[in-house]
Amino acid sequence: MRTIGVIIVFIGLWLLLSGIYKPLTVGLGVLSTLAVIFIMNRMDSIDEDHVEFHLKPLEFLLYQGWLLVEIAKANWVVTKIILSPSLPIKQHMFSVPYTQTSDLGQVIFANSITLTPGTVSVETEPGQFLVHAVAYSTDDRAALADMDRRVTACERATPA
Amino acid sequence: MVIEVISWAFMLSGSFFVIIGAVGTLRFPDFWARLHAVSITDSAGVILLFAGMCMQAGLTLITVKLIIIGVFLFITGPTATHAVANAALVSGLRPKEAEGFTGVEPEPLTKTDADPASSEQR
Numbered sequence: 002m003r004t005i006g007v008i009i010v011f012i013g014l015w016l017l018l019s020g021i022y023k024p025l026t027v028g029l030g031v032l033s034t035l036a037v038i039f040i041m042n043r044m045d046s047i048d049e050d051h052v053e054f055h056l057k058p059l060e061f062l063l064y065q066g067w068l069l070v071e072i073a074k075a076n077w078v079v080t081k082i083i084l085s086p087s088l089p090i091k092q093h094m095f096s097v098p099y100t101q102t103s104d105l106g107q108v109i110f111a112n113s114i115t116l117t118p119g120t121v122s123v124e125t126e127p128g129q130f131l132v133h134a135v136a137y138s139t140d141d142r143a144a145l146a147d148m149d150r151r152v153t154a155c156e157r158a159t160p161a
Numbered sequence: 005m006v007i008e009v010i011s012w013a014f015m016l017s018g019s020f021f022v023i024i025g026a027v028g029t030l031r032f033p034d035f036w037a038r039l040h041a042v043s044i045t046d047s048a049g050v051i052l053l054f055a056g057m058c059m060q061a062g063l064t065l066i067t068v069k070l071i072i073i074g075v076f077l078f079i080t081g082p083t084a085t086h087a088v089a090n091a092a093l094v095s096g097l098r099p100k101e102a103e104g105f106t107g108v109e110p111e112p113l114t115k116t117d118a119d120p121a122s123s124e125q126r
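First to last, the sequence lines map onto chains S and X. When we follow our numbering, the leftmost residue of the first sequence carries the number 2, and every step to the right adds one. When we follow our numbering, the leftmost residue of the second sequence carries the number 5, and every step to the right adds one.
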C-alpha cells in the first residue's frame, strides 16, 4: 500500500517536472521510479527508518496562513530597523520552551522561529530552544509562546 | 492587465526586500545581527518574487515548478540558517548582548562551557 502511494507520487512528480510527454521520457520516468522503489526496499532491510507525519492537515494549512502573516509583520519591523539612521538593535539570546512531542513538530516550531525575521533558533536543548533576537522586546516571549501553542495544536496525538 | 500590474507590484516589492536585506547585511555590526538581515531576503524577498513570477507564468507547469521550488526553499532556508547559527555558537562565537541584558540569561553562558567539552571528548 505504502509502495503504491510512493510510486504514484514519484511518477506524478516526474510528469510535472519534465513536461515532455513523449514515450521515451515517460518511459525513463517509470524506469527511474522503479529503480528508486527497488533501492528503497533494499535500504529498508538495513534500517526501518520511516518519517511519520502526525499532523492535522487542515490545522497545519491554517497555521501556514497565520505564519505568513507573522512573517510579513516581522519583515516590516526588521526593515524599519535596517532603514532607521540610529540602527536601534538590541541583541539578546534567550531560551524558549517547546511543548511539541514529535520530532516533526519541533522542527516546524524551530523553522518557524527562524523564518520570522528578527529571531533565529540557534541551539536545541531538551525541552527548550536557544533563540537569538536582533531587537529583543519583552513581547517576544509571549509571541513565541503563542507560536509554540499553535504548532502543538497542529500535532496529532499519537500513542508513542 | 490587472494581473500584470499586481505581479509587477509583487516582484518589485520582492526586489525591494532583497535590497533591504543587502543593506542590512552592510549596516549591521556583527555576525549575529547580519544573520537577521539575510533572513529578510530569505523570507519576504523569496515569497514575493515567487508570487509575482507565478502570476506571470499563469496556470502552467512553470507555476507548479515554482511552487515546488518555493516549498523546498521554505523548508531548507531556515534549516540552513539554523545550521550556520549553530556552527557559530558551537565554535564559540557569542552575540554581543544589549545593554542591561548581560548576564541576565545564564543559558548561553552555561552552553559555552558545555560545548567545547563535548567536542573534546570526541
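Mixed in with the good hints there might be a few duds.
The calculated PhoX-like cross-link candidates involving lysine-lysine, where the alpha carbons are at most 25 Å apart (straight line), are [stated by the list, open to error]:
#, chain 1, residue 1, chain 2, residue 2
1, S, K91, X, K100
2, S, K81, X, K100
3, X, K69, S, K23
4, S, K57, S, K81
5, S, K91, S, K81
Think of the hints as simulated: they come from the structure by calculation, not from any bench.
Cross-check of the supplied hints:
Among the hinted pairs, S/K91 with X/K100 is consistent with the structure: their alpha-carbon atoms are about 9 Å apart, no more than 25 Å. Taken as a hint, the S/K81 and X/K100 pair is honoured in the structure, with Cα atoms around 21 Å apart against an allowance of 25 Å. Under the criterion of a C-alpha separation no larger than 25 Å, the hint pairing X/K69 with S/K23 is consistent with the structure, at around 19 Å. Of the pairs offered as hints, the one joining S/K57 and S/K81 is violated, with about 36 Å between alpha carbons and a cut-off of 25 Å exceeded.
Straight-line distance between C-alpha atoms of S/K91 and S/K81 comes to about 14 Å, which keeps the hinted pair within the 25 Å bound.
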